[in-house]
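Going down the list, the sequences are from chains A and B. Using numbering that gives the first Met the number 0, read the first sequence as starting at 0 and increasing by one per residue. Using numbering that gives the first Met the number 0, read the second sequence as starting at 0 and increasing by one per residue.
Calculated from the structure, these hints are not laboratory results. Every value quoted in this text rests on a predicted model; they were computed, and no experiment measured them. Honestly, I wouldn't trust all of these hints.
Copies of the same chain look alike in the list, so a pair counts if it works inside one copy or between any two.
[Unchecked claim] When the alpha-carbon atoms are kept at most 25 Å apart in a straight line, the in silico SDA-like pairs for lysine to any residue are as follows:
#1 K149 - T93
#2 K78 - E154
#3 K168 - L240
#4 K24 - G125
2 protein chains.
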Amino acid sequence: MKNEEWKMIEKHAKAWTLEAAELLKASFENTLTITYKSHIADLVTNMDKAIEKFFIEKIQEMFPDHRVIGEEGYGDDIKDKAGIIWIIDPIDGTTNFIHQQSNFAISIGIYENGKGKIGLIYDVGGENLYFAKDGEGAFLNDYELPRLDKASLSEAVIGVNATWVGPNKRINHENVQEIVRKSRGTRSYGSAAIELAYVASGKLDAYMTMRLSPWDFAAGLILLNEVGGIATKTDGKPIQLLEQNSILAAKPGLHEELLGYLIK
Amino acid sequence: MKNEEWKMIEKHAKAWTLEAAELLKASFENTLTITYKSHIADLVTNMDKAIEKFFIEKIQEMFPDHRVIGEEGYGDDIKDKAGIIWIIDPIDGTTNFIHQQSNFAISIGIYENGKGKIGLIYDVGGENLYFAKDGEGAFLNDYELPRLDKASLSEAVIGVNATWVGPNKRINHENVQEIVRKSRGTRSYGSAAIELAYVASGKLDAYMTMRLSPWDFAAGLILLNEVGGIATKTDGKPIQLLEQNSILAAKPGLHEELLGYLIK
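Chain A extracted, bound-state conformation (with noise of 0.2 Å):
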């Protein structure tokens, strides 16, 4: 595909999301301003269906010959990496949306072939645009941002939920402890687009999880691509683009520490 008709998708994913962006937030500041939180949990399952299918209308009316994978289901049943496929999770971080009104985002990933092409995650809360496009960086709004630096882990900040600190039938959590121990302190943000989208920006060194789904982690791979992040699985093998995956995401080096705890 033409660099111009790449410019056109990047200029109408951008537009889409800023405007599935405004129905969300008006969506709640309606539902806050008449109930507070009683009826957000409500609002919330019917916004996900609402944005996705917003998604899916419009790409199917500009881009007819574009797939689309979602996490509501109503985007197509895809079982091969062929042509050119988004990825869209329309509300990442549902119980911060309910809980929070902050802390969630919309995450699009648009794949040719298999290959990452733009990486889109809108912090809608805090209105910030992490965008990537293969070749040419990793930006936060307007400012594009740095290659990320080696790192190690006593200097590190690791994304983790304290759900594999504790013993799971994912992961050898005493492993897990181990890296909490060793590390300068840990997260938890409860959306797995902000985190990668994170680690891209430099605000936390390593993310770690052990169950994303493909519109968990499609744009924060292609953002971290960008900077020279690495993502892997946690056993180090690579993450398989239309599974269900675990995901270490981490700075150069310290992606390469980690591992060293997480496969012993």
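Use these hints to put chain B onto chain A, whose structure you have.
This is chain B only, laid out in the frame that chain A set:
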């Protein structure tokens, strides 16, 4: 002290906080422009001290009979709770200040003979001012925060750092793991002041941590008190204002439920 005098204290506390926030933002905007992040570690040390001195000078000039406790130690050496005491953290969440340039706060609690009168937590990056005045309610910017509803663990989002979920010297981590498993989810932001403000504003249902100093919690306790939040040590005993304490802050009902897990 008369109501009029407290209005004057409130006015100045707010104005000085916003002024200090501008100093903080300007300082790292300059640094970001020049060197991005490499010199921020030096900067933060200087800014912590500079902001504390800024407050102390303002307070001594305007209210010469008030005393001040600050994290950086430029305040008074205070052993008793008599009179009016300002308890100040110039940058709560120093690691976030360095790594993220967000999720850090200025925290000010003003006490009269040990009773909380004015609490102020300013989330500098988010430009969110949490403010409470004894008997007059709590506010997030212009929005009056509602009284906290009762909550139960299964529907709760708990602020707790991964440190307390693994083996540690301060609490039985298996009890904390049980709380993590039975909650809806956990978060960790790396700023006690912000996490207490989040409980007061309903963004978190509870927050627990094992060692905070007076400047970390002095403002948060006043906010919580105005919205019906409960705060004790994690063993259920009263918090001692001038000492290091563990803290369990939560919505009504949930506080009791969490204590049931922590003190068995």
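To see whether the hints hold, each was checked on the structure:
no.: 1; hint: K149 - T93; result: between (33 Å within a copy, 21 Å between copies)
no.: 2; hint: K78 - E154; result: neither (41 Å within a copy, 36 Å between copies)
no.: 3; hint: K168 - L240; result: within (23 Å within a copy, 42 Å between copies)
no.: 4; hint: K24 - G125; result: both (11 Å within a copy, 16 Å between copies)
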